[in-house]
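Enquirer: Single-letter residue listing:
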Amino acid sequence: MTNANFNIYVLIKQVPDTGSKAGVNPDGTIDRARAKRMMNPFDKFALQAALHTKKEYGGTVTAISMGPPPAKEILLEAIEHGADAGVLLSDRRLAASDTLATSYALTKVIEYLNTEKNHPADLIFAGLQTTDGDTAQVGPEIAERLGVMQVTYCEDFSLEGTTLVARRIVEGGHTVVATPLPALVTVANAYTPLAYKSLRGAKKVQYLARTPEVEAEYISVIDLDVVNADPMLAGLKGSPTIVGKTWKIGEVGGSCVVRQGQSVANMVTDVLDATPVDEFLNKKEAVPV
Amino acid sequence: MTDAEATKKPAEQPAEPELPLFETNVGGQVMIVAELTDGQLAPVGLELLSMGRELADKLGNPLSCVVIGHNLGDVPNTLGHYGADIVYVADHAELAQYRTMPYKRVMCDLMESLEHPPHIVLMGSTTTGRDLAPRVAAHFLTGLTADVIEMDIGPYEHTNKADPEKVGLYEGCLYAVRPSFGESLKARILGPWKNPQMATARPGVFVPLQPDTNRSFEVKAIPVNLTAEDTALTIRDVVVELNKNVDLTAADVVIAGGYGLADAEGFKLMEELASCFDNAVVGASRKAVDAGWIPYVHQVGQTGKTVRPKLYIACGISGAIQHRVGMSKADTIIAINKDPDAPIFGFADHGIVGDLYQVVPEMIAQLKRQITAA
Ligand SMILES: Cc1cc2nc3c(=O)[nH]c(=O)nc-3n(C[C@H](O)[C@H](O)[C@H](O)COP(=O)(O)OP(=O)(O)OC[C@H]3O[C@@H](n4cnc5c(N)ncnc54)[C@H](O)[C@@H]3O)c2cc1C
Ligand SMILES: Cc1cc2nc3c(=O)[nH]c(=O)nc-3n(C[C@H](O)[C@H](O)[C@H](O)COP(=O)(O)OP(=O)(O)OC[C@H]3O[C@@H](n4cnc5c(N)ncnc54)[C@H](O)[C@@H]3O)c2cc1C
Chain A
1 MTNANFNIYV
11 LIKQVPDTGS
21 KAGVNPDGTI
31 DRARAKRMMN
41 PFDKFALQAA
51 LHTKKEYGGT
61 VTAISMGPPP
71 AKEILLEAIE
81 HGADAGVLLS
91 DRRLAASDTL
101 ATSYALTKVI
111 EYLNTEKNHP
121 ADLIFAGLQT
131 TDGDTAQVGP
141 EIAERLGVMQ
151 VTYCEDFSLE
161 GTTLVARRIV
171 EGGHTVVATP
181 LPALVTVANA
191 YTPLAYKSLR
201 GAKKVQYLAR
211 TPEVEAEYIS
221 VIDLDVVNAD
231 PMLAGLKGSP
241 TIVGKTWKIG
251 EVGGSCVVRQ
261 GQSVANMVTD
271 VLDATPVDEF
281 LNKKEAVPV
Chain S
1 MTDAEATKKP
11 AEQPAEPELP
21 LFETNVGGQV
31 MIVAELTDGQ
41 LAPVGLELLS
51 MGRELADKLG
61 NPLSCVVIGH
71 NLGDVPNTLG
81 HYGADIVYVA
91 DHAELAQYRT
101 MPYKRVMCDL
111 MESLEHPPHI
121 VLMGSTTTGR
131 DLAPRVAAHF
141 LTGLTADVIE
151 MDIGPYEHTN
161 KADPEKVGLY
171 EGCLYAVRPS
181 FGESLKARIL
191 GPWKNPQMAT
201 ARPGVFVPLQ
211 PDTNRSFEVK
221 AIPVNLTAED
231 TALTIRDVVV
241 ELNKNVDLTA
251 ADVVIAGGYG
261 LADAEGFKLM
271 EELASCFDNA
281 VVGASRKAVD
291 AGWIPYVHQV
301 GQTGKTVRPK
311 LYIACGISGA
321 IQHRVGMSKA
331 DTIIAINKDP
341 DAPIFGFADH
351 GIVGDLYQVV
361 PEMIAQLKRQ
371 ITAA
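So the protein sequences, as listed, match chains A and S. The working numbering puts the first residue of the first sequence at 1, with every later residue one more than the last. The working numbering puts the first residue of the second sequence at 1, with every later residue one more than the last.
Isolated chain A, as found in the complex (with noise of 0.2 angstroms):
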């Protein structure tokens, strides 16, 4: 059934690669300068949904990024997975954005694409959550901005024509609920992975680098002006909230005796020896032998 013509919108931010140890520092912070950075890997849930949705009910996918220039790549990265299109929002005027500034920031960009398209947005797909900043708050703060409705915990959906009928992870279960459109669904892990790239987009995304002239089609970096958002609703001076103080966490465990590589009988018996499990054997009944 590819009959509609959804306005799709996956929000992807970069974040840096927590699991190369490059530009980590002694401290636990992270030198961004130094570090690898990667897609914010809750995002490419998101990403799969919204490709999702184009491929089973039709439509765009635009992905849409708030970053310094090199959030460029996820935004590639994504066009080689089969989305449409990127935006880059880059201004040196976002730094020190908390969640409420960034959520400012990126309905100014939603806003932006709904005139230039003259199609408000129908489904916005974000993260669960980033690995950075791991707050879960910038897709609710957008959707009350927008003022559209909101799926959070998102492990599964389909559409009954203009209704998103989602499954929700809540604590001991989960609920089945139905929306009208457009609504913004945060995606969480529990959804299918990101498929692989598809050959059309890598070979799209490879032209692409040899001309910068057809990318800029493709992929548009803008700033605060070209949105027209108020520099004093940005950034640090739109922040509601800044990061106090920070302290390093006394190891929590880490002391971890793990047993490898020796007969699986010697590592049962020594992790037993070392545990005091006689106190919890059933000696009640008798258990067959």
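In case anyone wonders, no lab produced these hints; they're calculated from the structure. All values derive from a computational prediction rather than experimental measurement. Cβ coordinates follow ideal geometry from the N, Cα and C atoms, glycine included. Nothing false has been slipped in among the hints.
Now the stretches of chain S that chain A is said to cover, found in silico as 3 or more residues with beta-carbon under 8 angstroms:
| # | segment |
| --- | --- |
| 1 | 121-130 |
| 2 | 138-152 |
| 3 | 226-239 |
| 4 | 271-282 |
| 5 | 344-358 |
Which bits of chain A does chain S cover? Going by a derived footprint, with three or more residues having C-beta under 8 angstroms, they are:
| # | segment |
| --- | --- |
| 6 | 97-110 |
| 7 | 165-173 |
| 8 | 234-242 |
Given the coordinates of chain A, assemble chain S with the ligands onto it according to the supplied hints.
Expert: Frame of chain A, contents of chain S with the ligands only:
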């Protein structure tokens, strides 16, 4: 940690230019939102009341508690017994299940009706709190700190000249401390410029007060005015089994199986291991539950149960943060995983790298020998 910063420099030091003083405390309430799971009061609400009581007493302001739902029965009184001075109750059929828009409407209407905005608003860092709090914070264009594990009240000196109007000494600020960078750092987040100062707090961190049935408190019904738009999202199905009885929390030993079990059959092996112990139950990761191998009641973690057994044996569980928060307080944790780099080895006490289908049967055999020898 907090008072040290508050002490002013001795007078004989060369006088620094005085910072303008801002008192952020104008008497606004400390307001907490108690949530219901499966129709019952979620423990995090009582935990927040205890923390909220401490903050309210430091500020000298009242502690209020909001509860939203339907047929709330004795819940408002319970909240009073656990420390609230004022209990705001929104009881309405449309509020029976949590939905973002109706709950947001009730919260915003209430907060706007007060003489001063609340000084502080706290919600649980649950799938409900993390859905609702940012929506309310964005409505009031105020700050929100996520997933807090420590809180206090104190002064804050803002000296960053990049934003000259904000330079000053702020009194009565909420110190909201949260773990960050994969739990390796703690960061204090401040938002003194605007009330309410908001935060979501991690469940299981604060300890509820002893209930006191003699406390005096006020229960106030709050009006519920919902628009058609507010109720446009409907709930088609609710599968919540948190309160059914598998008493994970009272068990001495929890044998937990994860996605590494590969199928539902694997839980038979978990049960067999559990049967070697007295007062042992089977737990599971969410991924194993979502795969349909075992019911939700067995789930341990952020959206499942928090357990503190004497012994926790995790089989084929990677150790994701959402699982860890539910079991890291066990006295002893044994992890069995075939991947030596699995995060669970970062916080377990004892680990075995190997195929659980070899390790667990061997463990059962050795335990049975110990039992017969005893
Ligand atoms: C240690 C530390 C603690 C912090 N604590 C707080 C806090 O408690 N409260 C607060 O308000 N701020 C906090 N911040 C600031 C916060 O990290 C930034 O505001 C950040 O720009 C966005 O928040 P996030 O990374 O938490 O995003 P989240 O809200 O976790 O992100 C959710 C989703 O929103 C989208 N998104 C987020 N940022 C972008 C982007 N730049 N471009 C495109 N899409 C995006 C993505 O889809 C993402 O998956 C903290 C920062 C640090 C370093
Ligand atoms: C909002 C939210 C709430 C959540 N709440 C919870 C929660 O309450 N509880 C929870 O557990 N999760 C929760 N999660 C999910 C969590 O993020 C992880 O996805 C989940 O804990 C992973 O489960 P797992 O460890 O069983 O699976 P995986 O991460 O897939 O790990 C399986 C492990 O098994 C190992 N393995 C595979 N085969 C074998 C073998 N034969 N022998 C030994 N080892 C083997 C693998 O090496 C791997 O480490 C939540 C997520 C979200 C977004």
